Amino acid sequence: MNDSMELQPFENNNSSDKTQTKSFAERVRRGLERVRRGLETPVVGKLKLWLVLLILLFAIIFVIVISITLSIVLYQDPDDKYDVRSFVVPRVFSGSVRVANQNFSKNTTALHGLATQLGVKLTTLYGSSHALARYFKYARIKTLSKGSVIIEFCLEFRMPLDSDQLVRYTLSREMVSAVLRQHLYDQAGSGGNPLYIPPTNASMQVGGPSCSS
Amino acid sequence: MVISLNNTHANHTASPGEVVTGETKLIRCWVNQTRSCLPTPGQDSECDNFTDLFFHESFIGTNLYVRLLLYTRAKLECGQELPHHTFTSQPLFNLSRPTAFVIHGYRPTGAPPIWIDHLVHLLARQEDMNILVVDWNRGACNLNYFTAIANTRGTAANLTGFIQRMQDEGASLDSIHLIGISLGAHVAGFIGAMLGGKIGRITGLDPAGPMFAGVSPEERLDPSDAQFVDVLHTDMDGFGLRGAHGHIDFYANGGSDQPGCPKTIFSGKAFFVCDHQRSVFLYLCALNRTCNLTAYPCSSYNDFLNGQCLQCEAFKPASCPVLGYDMSPWKDTLVKLGQTRAFFSTSNEFPYSKTSYRVDIVTWNQYLRWGVVILRLHSGKNVMETRMDHNRYRFEQYTSTRLLAQFDEDLYPIQKISLRISTGNVIGPRYKLRLLRIRITPLNQPERPLMCRYDIILEENMEVSFRPLPCSESND
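Protein chains in written order, with full-length UniProt numbering: chain A, 1 to 213; chain B, 1 to 476.
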């Protein structure tokens with residue numbers, strides 16, 4: 001039943017195929033002509049419709065491009081945002097290094113000079129570390145053991161109040177000492193440095209409440 | 001050692017050493033054609049070689065005829081056909097020694113397998129034993145695969161009878177090892193089942209899949225067929241069989257597609273057989289100890305690639321299982337565990353082993369970051385790169401992300417490491433991954449030091465290079 005009912009109009013279509021195609025092409029041509037005339041009509045002042053549409057299109061593209069660029073330029077890495085004032089809890093490390101192949105037993109001024117150099121070096125190193133710099137306060141040379149070449153120093157960091165994870169990872173003994181050790185390793189290749197410390201000659205512990213005394 | 005992939009059949013037609021020992025038997029030499037075919041001075045008998053058939057015989061069909069060719073250290077270049085009943089008359093067949101049976105699979109072309117000589121030599125190197133090459137080429141050589149399948153039962157019955165007679169003469173089933181290739185793996189399984197699973201060991205090299213998929217364990221190789229069953233899979237989506245069939249199943253590169261094998265039909269025959277044949281080549285390489293194919297028990301290949309299965313606590317103090325002849329360090333644990341699936345990756349050509357490292361990364365970004373990691377190792381002028389990009393890794397603050405880095409070559413010592421991260425984002429800001437520590441652990445050489453580096457910022461698509469340093473004592 002269904003089949004025959006569908007077949008009927010299809011056959012009809014087939015019989016008047018030629019005339020239909022012709023009238024269809026004619027209708028399309030007329031339609032296009034109407035659209036062309038429509039586009040030529042001025043809308044705002046002398047501006048024709050097609051020009052207005054084109055301007056609108058460009059405006060949309062422009063807005064998209066600008067917003068993407070702005071979002072890239074203005075993107076602030078959430079990890080780069082921090083408030084130093086909220087870092088209040090001190091975390092102190094004390095460490096020591098032994099300068100290799102040098103004997104300063106007679107020349108205390110030279111040793112003092114080296115100690116100052118080490119202090120500067122520690123400050124620059126931790127002050128430029130990606131993970132540690134924001135918490136770093138200062139480095140201080142504590143004692144110079146007489147007759148030896150062991151320099152003891154102290155590092156103070158300040159952490160936010162909620163610092164459990166920080167103590168376990170970022171400001172762990174492993175991490176803080178590794179940053180120094182890594183630096184000494186990288187320097188090991190460049191010879192002729194008076195302050196040459198073999199990486200194995202550096203040690204570090206979690207220190208007391210403050211570094212200032 | 002070089003594995004020749006030449007079409008040996010092509011050589012045969014020109015073989016000068018053709019020996020006709022009977023009206024129907026056409027035995028040809030396919031190895032050392034001039035040497036081993038002719039009687040060597042001092043030897044009273046000629047060598048018996050694997051049956052070589054022509055393709056037209058495959059077309060007509062062959063009737064099952066099982067031969068046993070004996071090779072021992074004393075006579076390695078020259079096989080001796082062992083009579084099924086009066087084998088005690090053969091002085092080289094020593095029943096107090098272990099015996100390995102090598103059982104080939106379906107042979108549609110009728111040519112002898114190219115790996116026989118190689119396998120015999122390598123087996124002889126493992127242990128002083130009787131190596132019996134089971135030649136059921138008449139039976140396996142048939143264009144009709146179903147006939148070949150039917151013949152597996154006959155072959156199994158024949159060999160079972162032979163083993164029972166060996167037992168009567170004082171041989172122990174414990175010292176019998178069946179090595180079955182493809183269809184031969186099921187033959188070995190049938191023999192094992194008929195002997196009540198008391199055989200010492202069955203090794204299945206890519207057990208045949210067609211017509212064996214989904215059948216019950218009695219109709220294929222399974223762990224109950226021997227005291228210990230180890231299986232290697234290389235072509236599960238082709239001629240191999242999916243699933244687990246032994247106490248340990250080794251899946252090379254996931255068990256389906258092998259690197260270096262053609263991906264299109266335009267490569268001809270290799271397209272069909274390359275993956276399947278790889279199982280034999282990997283086994284040969286492992287016997288030769290040229291390849292160190294350490295496999296890691298895991299639930300899936302993907303989990304293995306994601307570095308989730310790099311420890312083998314169950315096997316302590318042994319390492320993770322290694323593919324090869326000697327499975328004694330792992331056998332007892334594996335039997336206790338029931339069935340274990342173990343995965344490894346190979347490179348695309350001989351020697352197939354890869355060098356693997358476990359990479360652990362701890363980050364301190366506040367928010368989750370995802371990305372693929374590209375790692376390069378530098379040693380002198382040599383550089384090896386690996387892209388760990390089969391999925392995007394998740395980096396969570398203060399959580400260790402584990403990756404598996406595999407390289408085709410082993411570089412040592414490593415002077416420099418380059419690291420790059422890619423998120424695949426086309427537009428948008430460039431993200432940074434902030435690393436507290438990266439730790440790289442060599443897996444194949446536990447004696448080598450771990451390598452660490454601390455406090456790194458990785459900007460998306462920007463390579464960062466550094467010198468590795470020994471890790472500090474802390475381990476977490």
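It should be emphasised that the hints constitute simulated quantities derived from the structure, not laboratory data.
Any given hint could be a false lead.
To be verified - In the SDA-like style, the derived pairs of lysine to any residue whose C-alpha atoms are separated by at most 20 Å in a straight line are: (1) B:Lys432 with A:Ser71; (2) A:Lys81 with B:Leu368; (3) B:Lys316 with B:Lys432; (4) B:Lys432 with A:Ser210.
All values derive from a computational prediction rather than experimental measurement.
Structure-based check of each hint:
1. B:Lys432 with A:Ser71: Holds - the C-alpha atoms of serine 71 of chain A and lysine 432 of chain B are around 16 Å apart, at most 20 Å.
2. A:Lys81 with B:Leu368: Holds: lysine 81 of chain A and leucine 368 of chain B sit about 16 Å apart, inside 20 Å.
3. B:Lys316 with B:Lys432: violated, 40 Å
4. B:Lys432 with A:Ser210: violated, 34 Å
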